[in-house]
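With our numbering applied, the sequence shown corresponds to residues 138 to 417, in that order.
Since the hints were derived computationally from the structure, they do not count as laboratory data.
Treat each hint with caution, since some may be false.
Straight-line C-alpha distance at most 25 Å; calculated SDA-like pairs for lysine to any residue [stated by the list, open to error]:
(1) LYS341 / GLY329
(2) LYS341 / ARG326
(3) LYS318 / ALA249
(4) LYS378 / SER231
(5) LYS318 / GLU237
(6) LYS155 / ASN241
Remember, it's a predicted structure, so these values are computed and weren't measured experimentally.
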Amino acid sequence: MDPIDNPWCTDSLMQAMKEESAMNFLALLRENQPLTEFIQSRTTYLNEELATFYEIDSIKGQEMRRVTLSDPRRYGLFGQASVLAVTSSPYQTSPIRRGEWVLNALLGTPPAPPPPDAGTLSEAIESNRKLSFREKLQRHSQDPRCQSCHREMDPIGFALENFDWFGRWRLESNGHPIDAKGRLPSGTRFEGPVGLRNVIIHEKLDDLARQITRKMLSYALGRQLEYFDEPAVRTILRAFKSKGYRMHTLIQQICLSYPFLYKRDPIPAERQEGPLAPGS
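The whole structure should be built from the sequences, with the hints applied where relevant.
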């Protein structure tokens with residue numbers, strides 16, 4: 138990013154954005170919060186620079202501190218600039234990328250990969266200034282080759298379109314008002330980050346819980362999960378759900394799981410022997 142054109146985008150701002158997300162997740166773990174707080178927490182961590190970026194005036198100084206938010210649009214994960222920035226393209230939001238990230242990384246329900254001939258926006262659609270960005274993408278997604286994936290991803294991404302490519306709130310894009318309404322294949326309708334948050338909590342919480350269980354077990358084991366880990370995942374998940382998805386239960390159950398109790402440290406290369414040893 139060119140610092141001449143974007144003097145507001147400093148290294149310290151980007152560091153504060155990262156720290157906000159990290160400190161929120163750490164609080165989730167330390168305070169035994171329910172998993173729902175990951176999505177709808179009314180508190181976050183800000184310093185003056187990040188607060189100003191969020192148009193919050195009451196925070197002074199560069200030290201990150203816990204803040205109670207008054208704007209529900211900023212509650213939880215979907216209001217954090219770090220998430221909104223890394224799921225955008227340079228200087229342009231990407232509803233497709235944001236929607237795919239929610240489905241794949243957050244919920245563990247990835248859409249099917251695009252067909253080899255899916256293509257991109259045609260030049261005629263791309264150059265039509267009368268169409269909003271959403272209308273351009275909708276024209277593209279009408280292609281039968283693309284519909285099955287886009288009908289899942291796009292509504293989720295459109296719900297976050299009021300946040301620009303770096304997480305700033307906006308009401309229009311290139312002179313067109315933002316349309317943040319969405320409808321899932323199930324028929325559920327929602328609007329904006331608040332509506333998306335409610336959909337995740339009320340309809341997708343089990344998917345979110347399964348995904349975070351898998352991610353944290355993988356982290357604890359220091360490896361990718363395999364098919365033989367699935368019984369442990371199910372056992373952990375049942376206990377996790379029975380306690381209202383409280384995070385201490387998840388940590389405890391991971392530590393008591395068979396894969397964790399009987400995990401083996403990787404064998405250093407210099408100690409490996411036999412036909413599979415390096416150089417054999």
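Now the hints, each set against the structure:
Proposed proximity of LYS341 and GLY329 is supported: the alpha carbons are some 17 Å apart, at most 25 Å. Distance check on the hinted pair: LYS341 and ARG326 sit about 14 Å apart at the alpha-carbon level, within 25 Å; holds. Taking the CA atoms of LYS318 and ALA249, the gap is about 23 Å. The hint holds against a cut of 25 Å. With a C-alpha separation of about 33 Å, the suggested pairing of LYS378 with SER231 is violated against the 25 Å cut-off.
A C-alpha spacing of about 17 Å is found between LYS318 and GLU237, which places the hinted pair at or below 25 Å, so the restraint holds. Annotation: proposed proximity of LYS155 to ASN241 holds, straight-line Cα distance about 21 Å (limit 25 Å).
Violated hints amount to a single one, hint 4; each of the other numbered hints is respected by the structure.
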